[in-house]
Amino acid sequence: MTKFADIKGFVFDLDGVITDTSVLHGNAWHQLANDLRVTWTKELADGLKGISRMDSLEMILKAGRIENNYTPAQKEALATKKNTNYVAEVDKMTPANILPGMQAFLDDLRAKGYKLSLASASKNAPRVLDKLGLTDYFPEIVDPASLTHGKPDPEIYTKGAQLLNLDPAQCIGLEDAAAGVQAINAAGETSLGIGDASELSAADMVFADTAQVTLANIQQHLD
-6 MTKFADIKGF VFDLDGVITD TSVLHGNAWH QLANDLRVTW TKELADGLKG ISRMDSLEMI
54 LKAGRIENNY TPAQKEALAT KKNTNYVAEV DKMTPANILP GMQAFLDDLR AKGYKLSLAS
114 ASKNAPRVLD KLGLTDYFPE IVDPASLTHG KPDPEIYTKG AQLLNLDPAQ CIGLEDAAAG
174 VQAINAAGET SLGIGDASEL SAADMVFADT AQVTLANIQQ HLD
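Residue numbering for the sequence shown follows the working numbering, starting at -6 and increasing by one per position.
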């Protein structure tokens, strides 16, 4: 078992850990659904969580029974339009969108000399960090374009440790999703889950929300 003293770096997921962009994705899809005159429902909104852009689009088109009205090229254009909507939402973000306790945690990590990297599958992650005022905290960001496998494959977390020149055993990975926790574990890092303990039962430690994530609480779990 890893000891707290062995930990030298932290590899962060972005969404649900540092900020909540799922709301912004929801807003962007909602705008597109309105444009397509598809009725927006809670079921539809919930169904889109955690699935790819094209799968999300198909779900919206099916909800409106218009999935056969568009060619593949037109569907690509609609997906691009959604991304434009999303980027416009991101551009409204401010440091007020950082999740509770995370700014203090990042400040503490930086003050104590821990190395930090970002392991987000989002191509817009650098833009989000910029709006949150956190760019300087993450000199190392895994480029999603360089990955061949998505989570739960460990690749993104393995790269997150490599960017810090650390052994995975010296790193803690932070995630809010079960697939992410699996990826951290498979990479050989210590997994810290944020959210529902039953959903994230594979994690080495679970905190109910971001406000609980402090170095003192992590040390308590590890030692």
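Read the hints as simulated data drawn from the structure, not as lab findings.
Misleading hints may appear alongside valid ones.
Here are the simulated DSS-like pairs of lysine-lysine, each with C-alpha atoms no more than 27 Å apart in a straight line [said to hold, decoys possible]:
no.	residue 1	residue 2
1	K35	K74
2	K152	K105
3	K74	K105
Bear in mind the structure is a predicted one, so any value in this text is a computation, not a measurement.
Do the hints match the structure? See the list:
Between the alpha carbons of K35 and K74 the distance comes to roughly 22 Å, so the proposed pair stays at or under 27 Å and holds. For the proposed pair K152 and K105, the alpha carbon gap of about 23 Å is at most 27 Å, so the pair holds. For the hint pairing K74 with K105, the CA-to-CA distance comes to about 43 Å; that exceeds 27 Å, so the pair is violated.
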